[in-house]
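Q: Just so you know, the protein sequences line up as chains G and A, in that order. If you're matching positions, the first sequence starts at 213 in the numbering used here and goes up one per residue. If you're matching positions, the second sequence starts at 183 in the numbering used here and goes up one per residue.
Hints listed in this document are in silico derivations from the structure and should not be mistaken for laboratory results. Just so you know, not all the hints are guaranteed correct.
Below, a list of computed lysine-lysine pairs in the PhoX-like style, where the Cα atoms sit at most 25 Å apart [claimed, not checked]: (1) K446(A) - K322(A); (2) K394(A) - K442(G); (3) K451(G) - K394(A); (4) K484(G) - K442(G); (5) K372(A) - K339(A); (6) K431(G) - K414(G).
Far from chain G, some chain A residues (derived; all Cβ distances over 12 Å) [stated by the list, open to error]: (7) E208; (8) A213; (9) E246.
Quick reminder that beta carbons are idealized off the backbone N, C-alpha and C, glycines included.
Listed below are the residues making up each chain.
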Amino acid sequence: MFNWFCEGKTRYEKGQAMPFFIALIAILIILALIVMNLGQLAVFRTDVSNAADAAALAAASSLTGTLLGLGFKSDSMFGFGLVMILAMVIAFTVALLASLGTSATIGIAIYITYLIGQYSDLLQSVGEVRMGWANAKQTAISYAFNNLGIDDPRPTFNQFLNWTYDINPYNNTLTSGEIQAHYNNYTNGPPWNATNQTLARKMINNSRSGFARFMEDDKKGYWNEQIFGKIEPSRTVPKKITIGYGWNASGNNSYADPGQSPHGWPPTPPYKWQEYEHWAEVKINSASTYRLAPASVIGGAVGEFNARITPYLNDHLPGILKILSTIINIILKFVAMVFNVRFPTHLTFVDGTLADMANETTDNMINVTVTRSRPPKTAGLFAFNVTASATASSHAFQQYPNDAQRSSTVEEVLFRPQPLGLGLFCWITNTHTGDCQGVQALPPIEDLLNSSKLNSQHLFEAEILQTK
Amino acid sequence: MKKLTLVFFLSFLLITAAKAEDLTFELPLPAGSTLTEQKDFTYGGKEIHAAVYQSRQKKAALVEYFISTLKQSGFEQVPLKEQVPGLFKFSKGSLRINLAVWEESGQAKFTIGKYLLAAGEADLEDRTPSFKDSLFAPPKEDAAGTTDLAAVPRPPKSVRWSNYSISGSSLLVYASRQSIAELSGFYRTKMPYLGWSLVNEFSSADVVRDYKAYLGKKDLGLSLPIEGGENLEEIVASAYVLDFLKADKARVRITIFPNFTDKKQGNIVQISYYGR
Numbered sequence: 213m214f215n216w217f218c219e220g221k222t223r224y225e226k227g228q229a230m231p232f233f234i235a236l237i238a239i240l241i242i243l244a245l246i247v248m249n250l251g252q253l254a255v256f257r258t259d260v261s262n263a264a265d266a267a268a269l270a271a272a273s274s275l276t277g278t279l280l281g282l283g284f285k286s287d288s289m290f291g292f293g294l295v296m297i298l299a300m301v302i303a304f305t306v307a308l309l310a311s312l313g314t315s316a317t318i319g320i321a322i323y324i325t326y327l328i329g330q331y332s333d334l335l336q337s338v339g340e341v342r343m344g345w346a347n348a349k350q351t352a353i354s355y356a357f358n359n360l361g362i363d364d365p366r367p368t369f370n371q372f373l374n375w376t377y378d379i380n381p382y383n384n385t386l387t388s389g390e391i392q393a394h395y396n397n398y399t400n401g402p403p404w405n406a407t408n409q410t411l412a413r414k415m416i417n418n419s420r421s422g423f424a425r426f427m428e429d430d431k432k433g434y435w436n437e438q439i440f441g442k443i444e445p446s447r448t449v450p451k452k453i454t455i456g457y458g459w460n461a462s463g464n465n466s467y468a469d470p471g472q473s474p475h476g477w478p479p480t481p482p483y484k485w486q487e488y489e490h491w492a493e494v495k496i497n498s499a500s501t502y503r504l505a506p507a508s509v510i511g512g513a514v515g516e517f518n519a520r521i522t523p524y525l526n527d528h529l530p531g532i533l534k535i536l537s538t539i540i541n542i543i544l545k546f547v548a549m550v551f552n553v554r555f556p557t558h559l560t561f562v563d564g565t566l567a568d569m570a571n572e573t574t575d576n577m578i579n580v581t582v583t584r585s586r587p588p589k590t591a592g593l594f595a596f597n598v599t600a601s602a603t604a605s606s607h608a609f610q611q612y613p614n615d616a617q618r619s620s621t622v623e624e625v626l627f628r629p630q631p632l633g634l635g636l637f638c639w640i641t642n643t644h645t646g647d648c649q650g651v652q653a654l655p656p657i658e659d660l661l662n663s664s665k666l667n668s669q670h671l672f673e674a675e676i677l678q679t680k
Numbered sequence: 183m184k185k186l187t188l189v190f191f192l193s194f195l196l197i198t199a200a201k202a203e204d205l206t207f208e209l210p211l212p213a214g215s216t217l218t219e220q221k222d223f224t225y226g227g228k229e230i231h232a233a234v235y236q237s238r239q240k241k242a243a244l245v246e247y248f249i250s251t252l253k254q255s256g257f258e259q260v261p262l263k264e265q266v267p268g269l270f271k272f273s274k275g276s277l278r279i280n281l282a283v284w285e286e287s288g289q290a291k292f293t294i295g296k297y298l299l300a301a302g303e304a305d306l307e308d309r310t311p312s313f314k315d316s317l318f319a320p321p322k323e324d325a326a327g328t329t330d331l332a333a334v335p336r337p338p339k340s341v342r343w344s345n346y347s348i349s350g351s352s353l354l355v356y357a358s359r360q361s362i363a364e365l366s367g368f369y370r371t372k373m374p375y376l377g378w379s380l381v382n383e384f385s386s387a388d389v390v391r392d393y394k395a396y397l398g399k400k401d402l403g404l405s406l407p408i409e410g411g412e413n414l415e416e417i418v419a420s421a422y423v424l425d426f427l428k429a430d431k432a433r434v435r436i437t438i439f440p441n442f443t444d445k446k447q448g449n450i451v452q453i454s455y456y457g458r
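With the hints as constraints, model all of the structure from the sequences given.
A: Rendered as structure tokens:
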């Protein structure tokens, strides 16, 4: 390039290179400013993207806990159910083999208790799942805002004095001791033994930024109960949630109180927070619950049990009952009916197929979109007004959905009913020959009741699937 | 009017006399038969007189003897709707005889069951059993061979129906004459003295309502194949449940609900105990 400047020049004078260097430096400065701007932009966008990722992953992680809890509950229901089933089978069988129908009546009493317990457990789980999803969404919002680098300034000491004590800081009537005491309250909060609680609350509120209050108030702040509702078992939070926070970097009232009225509730576009110099917004779009259903795969086991016990009973029925040709059928029919669809044994999703399981977990995305807007930036070559947005999708899923080796004892029992039916038969009839030879009559009941052994098998993971 | 009353009275006497005569019919027993058990019970609203015998004769010989003897006595063999090995049915007028013949440990045994069946009346296999049948009647005194739990008091004014214990867990069923409020009050007061803490209590009415709402169903589809009892769904929705915990080592659920065989009989208390 230097040669190009020199080319065709007949005279060479000192200082002729100066314009070139000036131009070069100008270009370099411009380039540096552009790089600075682009760097700021990149950092800004990365912050937004990271916030979306963190929020989505936190929500999915929270859901793994909910799924684990469901596994616990399902195991516990089945463990409880198995004891009841055994008691009922014994009662009904004893009804036939020994004390006639009286035990059948007792079996019905156990059945009633069982139903109430299982209904109650299912409803409890439904409530826990609703709360699990609400907590996941709340967690996502919290993570998103906390990772957006929001720098909402806290009130100045003068603002604190003015708002808290109605003192005009420019009217110099305070002693230095009083100023120090007020400053201590501003920096450290109210004294631990503050008797005036109203004043103490004022101190806290007026010394923190609006964003701090927004994040610390889980009722009126980022989780506004007026919109999303309380997190409680009977309530399902909305599928789509939008919440934002806006603030001004300058001026006396540099923060907005999101729990009050400035944004207008419920928020509808155009959102009030977008009227501020700075604003951040989180949108979540996901399911609000897992569709739980009572499952009753024990019916298959009982079918197996009934098929085996019928010929046995024909041989072992008490002499008195042998004259009732249909009593075996009547009671076994009842056993089958009771144990079938009206006998919830555990929890499942919708119809209980593996496809349903996948729909409710693996394919059930939590989509978090985070947007952050900031005013024109004068650092760098040019001012730019930036609004950046990022979306992350995550899910919670079962680690080994198709791996029988890793399924729990309960799952083994549930999805392989024949061994359970045969086991029941061998155990109740005390048979050790024929098909019963070598059969472990039942899975150890202690194992089924000891949830910790089973629950360790319910493994769930969370991961981010895509980020835009 | 007096004549009409007299006719009814005489008819009643004739009918009851005939019934008594029919049921007292004594089937001549084959030689070498010994009575081992005798029991009168009701099933499907029918009173049945049954007796079990053992015999020195072979099973085939017994079958041949009974078919021949009953035919000679004017009985007809009734075909079974569903074949059951060793079971035979005979009828003469309103009297029915069900005969079961089988072998047990190489020895032939037979049961003779007698009952009355008017023309057109449904036979036993077409009848629905009832809680009013003695066969399904709950125990009137504590079931033999069962005991109360040491850790949980039995309900006042109660009869113990059963106690099933499996792997440290016990299920006990009692019938009590006391009301649900009295029974729940009893356990609320008594259990803390035995070291139990009440951790949860609820009425199943709310549970059943919410359960149906969640599943979008109007009813739970619950029914029993035994007649004469209460509406099962109402019983399930009328229960009261108390959960107790003891030093994190044992828990007990006490479920109280109306007696499903007859509400007038009081309530059922079911104790589910899980110990460690």
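Q: Are the hints correct? Go through all of them and say.
A: We went through each hint and held it up to the structure:
Of the supplied pair hints, the one linking K446(A) and K322(A) holds, its CA atoms being roughly 15 Å apart against a limit of 25 Å. Under the criterion of a C-alpha separation no larger than 25 Å, the hint pairing K394(A) with K442(G) is consistent with the structure, at around 24 Å. In summary, the hint linking K451(G) to K394(A) is supported, as the alpha carbons are separated by about 24 Å, within the 25 Å threshold. Between K484(G) and K442(G), the direct Cα distance comes to roughly 23 Å. Compliance with the 25 Å bound is thereby established for this hinted pair.
Distance restraint check for K372(A) and K339(A): the Cα-Cα separation of roughly 15 Å lies within the 25 Å cut-off, and the hinted pair is therefore satisfied. Only pairs whose Cα atoms come within 25 Å are accepted, and K431(G) paired with K414(G) is accepted, the gap being roughly 18 Å. For E208(A), the condition that its CB be more than 12 Å from all CB atoms of chain G holds, with the nearest at approximately 17 Å. The Cβ of A213(A) sits about 20 Å from the closest Cβ of chain G, beyond the 12 Å cut-off, so the non-interface label holds.
Every CB of chain G is more than 12 Å from the CB of E246(A) (nearest about 19 Å), matching its label as outside the interface.
Of the numbered hints listed earlier, not one is contradicted by the structure.
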